[in-house]
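S.K.: Quick note: the sequence shown uses this note's numbering, first residue 1, plus one each step.
Here are the simulated lysine to aspartate or glutamate pairs, EDC-like style, with alpha carbons at most 16 Å apart:
(1) K134 to E104
(2) K123 to E109
(3) K140 to E104
(4) K61 to E96
Derived by calculation from the structure, the hints in this document are not laboratory data.
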Amino acid sequence: MKVRWLSIALILGLLLGTVAVPAAAQNKTSGLAVPVSGSVTNQQGGTNAFKGTLTITSFDKQGSSLVVNAELDGVISDSDSTVIGNIRRFGISAPENTVRAACERLTLELYKISVNTSGFDVKLDPVVVDISVKDYPNTKLDKQLCNLSQKLANNSPTAAIASHLNQILREIGS
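Using the sequences and the hints, build the whole thing.
M.R.: What follows is the structure in structure tokens.
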């Protein structure tokens, strides 16, 4: 009997277009999500506010620089907090950054992130990401961070640093 009612509910939901998709089946970007804010200049030269999420998806080497790859989601609002625009899953690369690591903590500082889309020029405030071993107790993050710290201290090649940061992203389950 339960199966019959569930089937009827599913058919009605499909007909009405209101079936909830399980979280695992939704098209969601995986990565380390960080809240961000910034300012927006519109085509008329006015300034608005931006609040959203920067999801770090990977790290790469570009030339001699370490690049943080991410997706930006958020809303643009005017001075009355009225939403006037949205940015959804806009891919960005941040080549200006600082990475510091110790065995207990990783700190990423991302600078000069700017996005120009749909007539808006979004400039994010500097983004600081702190990853602490305390936040991920059932991982091997401490060993990963110690290894990264050594690579940074030894001026290891940028590709090796990027690869190690990608391992850390996987380790924390993002």
